[in-house]
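Trainee: Chain residues, written in single-letter form:
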Amino acid sequence: MASLLRIGNGEVVPRQHIPRIDFPRFLRVLTDFVRCNGYIVQFFAYPEGERMRLLAVLRNSELHVVETEVERDYPSLTLLAGAKFNLFEREIAEQYGLRPNGHPWLKMVRYHANASGRPDVFGNDYRTDIPGNYPYYRVEGEAIHEVGVGPVHAGIIEPGHFRFQCAGEEVLHLEIQLGYQHRGVERLLTTVPQRRWPILCEAIAGDTAIGHNLCCCQAIEALAGLDVEPGARTVRTIALELERLANHIGDLGALSGDVAFNPPAAYFGRIRGEFLNLLLELCGNRFGKSLVRPGGVTQAMGGEQRRIICAKIKELREEIVQVCDLLFSAHTVLARFEYTGTVNRALADQLGLVGPCGRASGLEYDVREFFPTERYADLPAITNRATNGDVYSRAMVRREEIVHALDLIEQLLAAPEEAHQPVRSAERRLAPASFVVTLNEGWRGEVSHCLLTDDDGALLRYKIKDPSFHNWTGLAMALRNQAISDFPLCNKSFNLSYCGFDL
Amino acid sequence: MESVLSFGLALVLAPLFPGIILKVKALFAGKQGPPLLIKYWTLAKLLRKGSVYSTSTSFVFRLGPLVACATAIAALLFFPFAGKAPLVSFHGDVIVLFYLLGLGRFFTIAAALDTGSPFEGMGAAREAFFGTLAEAAIFAVLILFFRLNGSLILAGYFTGNQPIAIAGPQGALLILAVVALFMLLLAENSRVPVDDPATHLELTMIHEVMILDHSGPDLALIELGAFYKLFLYAALIASLLKPAGLAGPFAGTLAFYALMAVVYVAIGITESLTARLKMNMVPKYILTSFALVFFAIILTVEIA
Numbered sequence: 003m004a005s006l007l008r009i010g011n012g013e014v015v016p017r018q019h020i021p022r023i024d025f026p027r028f029l030r031v032l033t034d035f036v037r038c039n040g041y042i043v044q045f046f047a048y049p050e051g052e053r054m055r056l057l058a059v060l061r062n063s064e065l066h067v068v069e070t071e072v073e074r075d076y077p078s079l080t081l082l083a084g085a086k087f088n089l090f091e092r093e094i095a096e097q098y099g100l101r102p103n104g105h106p107w108l109k110m111v112r113y114h115a116n117a118s119g120r121p122d123v124f125g126n127d128y129r130t131d132i133p134g135n136y137p138y139y140r141v142e143g144e145a146i147h148e149v150g151v152g153p154v155h156a157g158i159i160e161p162g163h164f165r166f167q168c169a170g171e172e173v174l175h176l177e178i179q180l181g182y183q184h185r186g187v188e189r190l191l192t193t194v195p196q197r198r199w200p201i202l203c204e205a206i207a208g209d210t211a212i213g214h215n216l217c218c219c220q221a222i223e224a225l226a227g228l229d230v231e232p233g234a235r236t237v238r239t240i241a242l243e244l245e246r247l248a249n250h251i252g253d254l255g256a257l258s259g260d261v262a263f264n265p266p267a268a269y270f271g272r273i274r275g276e277f278l279n280l281l282l283e284l285c286g287n288r289f290g291k292s293l294v295r296p297g298g299v300t301q302a303m304g305g306e307q308r309r310i311i312c313a314k315i316k317e318l319r320e321e322i323v324q325v326c327d328l329l330f331s332a333h334t335v336l337a338r339f340e341y342t343g344t345v346n347r348a349l350a351d352q353l354g355l356v357g358p359c360g361r362a363s364g365l366e367y368d369v370r371e372f373f374p375t376e377r378y379a380d381l382p383a384i385t386n387r388a389t390n391g392d393v394y395s396r397a398m399v400r401r402e403e404i405v406h407a408l409d410l411i412e413q414l415l416a417a418p419e420e421a422h423q424p425v426r427s428a429e430r431r432l433a434p435a436s437f438v439v440t441l442n443e444g445w446r447g448e449v450s451h452c453l454l455t456d457d458d459g460a461l462l463r464y465k466i467k468d469p470s471f472h473n474w475t476g477l478a479m480a481l482r483n484q485a486i487s488d489f490p491l492c493n494k495s496f497n498l499s500y501c502g503f504d505l
Numbered sequence: 330m331e332s333v334l335s336f337g338l339a340l341v342l343a344p345l346f347p348g349i350i351l352k353v354k355a356l357f358a359g360k361q362g363p364p365l366l367i368k369y370w371t372l373a374k375l376l377r378k379g380s381v382y383s384t385s386t387s388f389v390f391r392l393g394p395l396v397a398c399a400t401a402i403a404a405l406l407f408f409p410f411a412g413k414a415p416l417v418s419f420h421g422d423v424i425v426l427f428y429l430l431g432l433g434r435f436f437t438i439a440a441a442l443d444t445g446s447p448f449e450g451m452g453a454a455r456e457a458f459f460g461t462l463a464e465a466a467i468f469a470v471l472i473l474f475f476r477l478n479g480s481l482i483l484a485g486y487f488t489g490n491q492p493i494a495i496a497g498p499q500g501a502l503l504i505l506a507v508v509a510l511f512m513l514l515l516a517e518n519s520r521v522p523v524d525d526p527a528t529h530l531e532l533t534m535i536h537e538v539m540i541l542d543h544s545g546p547d548l549a550l551i552e553l554g555a556f557y558k559l560f561l562y563a564a565l566i567a568s569l570l571k572p573a574g575l576a577g578p579f580a581g582t583l584a585f586y587a588l589m590a591v592v593y594v595a596i597g598i599t600e601s602l603t604a605r606l607k608m609n610m611v612p613k614y615i616l617t618s619f620a621l622v623f624f625a626i627i628l629t630v631e632i633a
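Line order of the protein sequences matches chains A and B.
Per my numbering, the very first residue in the first sequence carries number 3; after that it's consecutive.
Per my numbering, the very first residue in the second sequence carries number 330; after that it's consecutive.
Please keep in mind that the hints were generated in silico from the structure rather than gathered at the bench.
Computed from a predicted structure; not experimentally measured.
Please note that a few of the clues may not be correct.
Stated by the list, open to error - Cross-link-like lysine to aspartate or glutamate pairs, in silico, DMTMM-like; alpha carbons within 20 Å at most:
{"no.": "1", "chain 1": "B", "residue 1": "Lys360", "chain 2": "A", "residue 2": "Glu306"}
{"no.": "2", "chain 1": "A", "residue 1": "Lys316", "chain 2": "A", "residue 2": "Asp327"}
{"no.": "3", "chain 1": "B", "residue 1": "Lys607", "chain 2": "A", "residue 2": "Glu172"}
{"no.": "4", "chain 1": "A", "residue 1": "Lys109", "chain 2": "A", "residue 2": "Glu93"}
{"no.": "5", "chain 1": "A", "residue 1": "Lys316", "chain 2": "A", "residue 2": "Glu340"}
{"no.": "6", "chain 1": "B", "residue 1": "Lys613", "chain 2": "A", "residue 2": "Glu171"}
{"no.": "7", "chain 1": "B", "residue 1": "Lys613", "chain 2": "A", "residue 2": "Glu340"}
{"no.": "8", "chain 1": "B", "residue 1": "Lys607", "chain 2": "A", "residue 2": "Glu340"}
{"no.": "9", "chain 1": "B", "residue 1": "Lys360", "chain 2": "A", "residue 2": "Glu419"}
{"no.": "10", "chain 1": "B", "residue 1": "Lys352", "chain 2": "B", "residue 2": "Glu464"}
{"no.": "11", "chain 1": "B", "residue 1": "Lys607", "chain 2": "A", "residue 2": "Glu419"}
{"no.": "12", "chain 1": "A", "residue 1": "Lys109", "chain 2": "A", "residue 2": "Asp131"}
{"no.": "13", "chain 1": "B", "residue 1": "Lys613", "chain 2": "A", "residue 2": "Glu172"}
{"no.": "14", "chain 1": "A", "residue 1": "Lys316", "chain 2": "A", "residue 2": "Glu306"}
{"no.": "15", "chain 1": "A", "residue 1": "Lys316", "chain 2": "A", "residue 2": "Glu419"}
{"no.": "16", "chain 1": "A", "residue 1": "Lys291", "chain 2": "A", "residue 2": "Asp209"}
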């Protein structure tokens, strides 16, 4: 493993220290790594002068980084090393026009022209509309029918196209096509002043404002050598857990609503709002926007806010437990949840699922435990008991995480108050020719940002990865041989981000 | 005259009762819920709107709502509300009644298929399949009633000297029929646990997905037809539940509508307490109702 450099979460590494190996060796190292319980955190291309480099951040129980240089094309890692590389390679092909030769299904990810001026790998004409331009996978036969859903949906949700190949009510194959919300966030970040980075990162996925922004701010802090006061770290940790609570509770309510079991849907809907209101108490925004900034938090948490949060959690905990009992003890609900949309451990491992979806399939990976940031090193980890990989497990993991998050916040608030100063945004000088990767356990799972600076300390490449990038494939696989009428339920049990994927 | 009045009353009151379901469900969810008259407002709103027609549809699409509503109204003509003589009645009218509803379903399905949408085709397939199974159960109920009463006239079941009622001599048997009819009511009127009238998820819908493309007055007709169909099924159950000895025209009508309200409240409670069935469990559910009635029929053989 000498070809890999061990790094820490949020640790600045001079770029010349990153091992640069030739492609055949790169291929061998990565292939070996993912075969031995290794996963990919980031895998992306960036230009260095006239050349293109591929950089990979890998994880097992530790984080590693390695890079290589490629020409116009390279042998596909998806073909040789497995499905974990699938979307990453397609993304690289789309962003920089580098072709992974032999990729089993080279298809665009977000439908946009590449940034390098190379000829388009997919042969697309980007002046025409998206639908119909995709080479959809098709099952043929007289009994097969195709159902296309979206990109415009019935509810107030984000756009995405789902193409089902069905035999009667049974889904043989689901193809998910996203990209309708591609805004070019990564490229935009390299062109705007540093003070706008956190604001943009809060908008990567509106429901993960704190998760993404935390990654961004930690990266800036690392590159600028900023220290964060412990008190501010406590606030950030609480904010991240509140975000998790609000979303998980909303998800359980929505799962309940999807099987037409109304009472918990209504109760959870209200309780979700209570947690959003606690974020409002912390920073004046229900989604926690403008709270986290490089160096700390913009609003110090005072004694009164601590009391409000404590009182609210005490009040809601019992209610949450009761509504959870109502939901999980209704046998008609269990009949819908159990054995529906199963992703078994082997498959989840093959795809590299992260977050609650991964844990529900038995992959015990939690950034808070493996690569702790903020206050997580002092806090207890969570173990999930339901690991069958079905809708029930994914719901159960959420339930366990809700209780766990309540415990964490109470534990943090039980500690004596640590005074901390609010910070203000400022342009900071970043370490030149450096590399940093930050990971946080957002409510959907591993959120990761990767920053590369050039010799002047300017931003060379900003790479964002939302957990949804790993997990969308999991949803597609969960639908295999399921009833098409169970799709909304499976979809909700994953509840992945469209805009976080589309960037 | 009395028959016309009771028929008119039924037509006017039918949209009131689904409001009760919504109210009950809202109470279970800790909400205030919409006003009881919400369905009247909805109808008024829809009737004021224009309709939008896809260019890929033909006259079949426009015929669907008309036929669905007309057949549901026609079916009510045969019903002896609160024991009053119906407007139309003849030997074998029960069979006509249920095939009238079948005709309405046929045109709804045809209109759905006419749009060419994969969603609506899926809904139509489900409706046709589940409807076929439900028909078997309905006819089992009719066989049971025939065995109890020897009549093939709907009015004959619930009027006269020996009405079929839970309070009557074969009451214990009829409990099975009431339960089966209630299950069928839920299945045939797209209620939970078979269908979810409140969902926005097309892939899970049965009835709602077939009418996605209808709008304005057409949708109002479909809704109205659905209210009447539900009313008919609820009236069947209410008539079975009706206690004997309420002779007066006023008291009888009042008791009948009170029982109707009870049936609708029961629907609301059922919908609040249960989740939907998996789609592949629906046939089992419908066949369970069939089995219950079939069992009741076997018991009548023993009695005879």
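Trainee: Of the hints given before, which are not true for this structure?
Mentor: Per hint list: 1, 5, 9, 10, 11 violated.
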